[in-house]
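J.: Chain residues, written in single-letter form:
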Amino acid sequence: MSKDWPLWEVFIRSKNGLEHRHVGSLHASDATMALQNARDVYTRRSEGVSIWVVESKHITASNPEQAGEMFEPARDKAYRHPTFYNLPDELKHM
Amino acid sequence: MNDSLYNYLLMIGDNAMILGHRLSELCGHGPNLETDIALTNISLDLFGQTRYYFQYAAELAGDGASEDSVAFLRYPHQYKNVLLVEQPNTDFAFTIVRQFFFDAFHKPFLEQLSDSADKHLAAIAAKSLKEVQYHLSFSSEWVRRLGGGTEESHRRTQRAVEELYPYTGELLRPVPLETEMQQLGIGPDLEQVAGAFEETVTGLMSETALQTEGLSRHQSGGKAGIHSEYLGFILADLQYMQRTYPGMEW
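Residue numbers (the numbering used here), protein chains in the order written: chain A, 1 to 94; chain B, 1001 to 1250.
It is possible that part of the hints are untrue.
Unchecked claim - Computed cross-link-like contacts, BS3-like style, restricted to lysine-lysine with a CA-CA straight-line distance of at most 27 Å: (1) LYS57(A) to LYS3(A); (2) LYS1119(B) to LYS1130(B); (3) LYS15(A) to LYS1119(B); (4) LYS15(A) to LYS1127(B).
Calculated from the structure, these hints are not laboratory results.
Make the full structure from the sequences, and use the hints.
T.: See the structure below:
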């Protein structure tokens, strides 16, 4: 058994936020403790109304070394953005 | 001035202040960053509650009294907290078990106090209750984890239970002032609080195989101002500044 508690990632939804945002990480021995620790460490200045925690090992992350093949091909494909439509004048707030 | 109500406010406020102080001693010394912050948060909750009780007490006392003079300018025998809350931090198991016993009492106590005939007191209780509900779930989780954890964590938690359980009787046995407050509809019926306390404690003790059988609950005295040797040291820490430089502010 490892002496150190596993690492957890913390996501918090703020009062007027629609989605949970990653705010940081912490150590905890289990999910309940992770949730309580997240409450104590990350919401003590009333930052949130909802918390998700997920053990860091369950996150599969993209490899920075593959950033080129992963993200660059999208860069010169401006036509994927919906910016080439002529909008009728009556349409506001677009 | 209403002496009974004043003294009753001290009795409630002193519990919060002394336990808050005990927890504040751990600030920067918690077993890890997360637990350190959690205990400090609880400490701050308790100090916040203390301020409400003492502001109200100072208002009743008049004559230039303030929350600070109520908190800092009394002698040991004038503090009315229960003996449980002045017991030392010893180790993490003691800190958690002390907290759990107090929370198991504090929550039903505040539930009832929020129906108090004294509207001011009822409002303080209602506000504090939400904080204390969290304290209880925090300390319960830790008792569950330590009591049901490894052989060593169980052994050390059991030791803390044996040392601290004798102090729990005092929480639940009314002194004449509490009986008077209950008759006026201001204070809770401690018999009902005791019922809730037993249910919480017995439930978690049996779940974690922690033993309270055969432990007597004879310790008492704090409510009457008769304290263990620890309170004097706590007050020396707390009062040093005000006693050395009276009226000092920053």
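J.: Each of the hints needs a verdict: does it hold here or not?
T.: Hints versus structure:
1. Only pairs whose Cα atoms come within 27 Å are accepted, and LYS57(A) paired with LYS3(A) is accepted, the gap being roughly 17 Å.
2. For the suggested pair LYS1119(B) and LYS1130(B), the alpha carbons sit about 18 Å apart, so the restraint of at most 27 Å is met.
3. A distance of roughly 31 Å separates the Cα atoms of LYS15(A) and LYS1119(B); the hinted pair therefore is violated under the 27 Å criterion.
4. Annotation: proposed proximity of LYS15(A) to LYS1127(B) holds, straight-line Cα distance about 20 Å (limit 27 Å).
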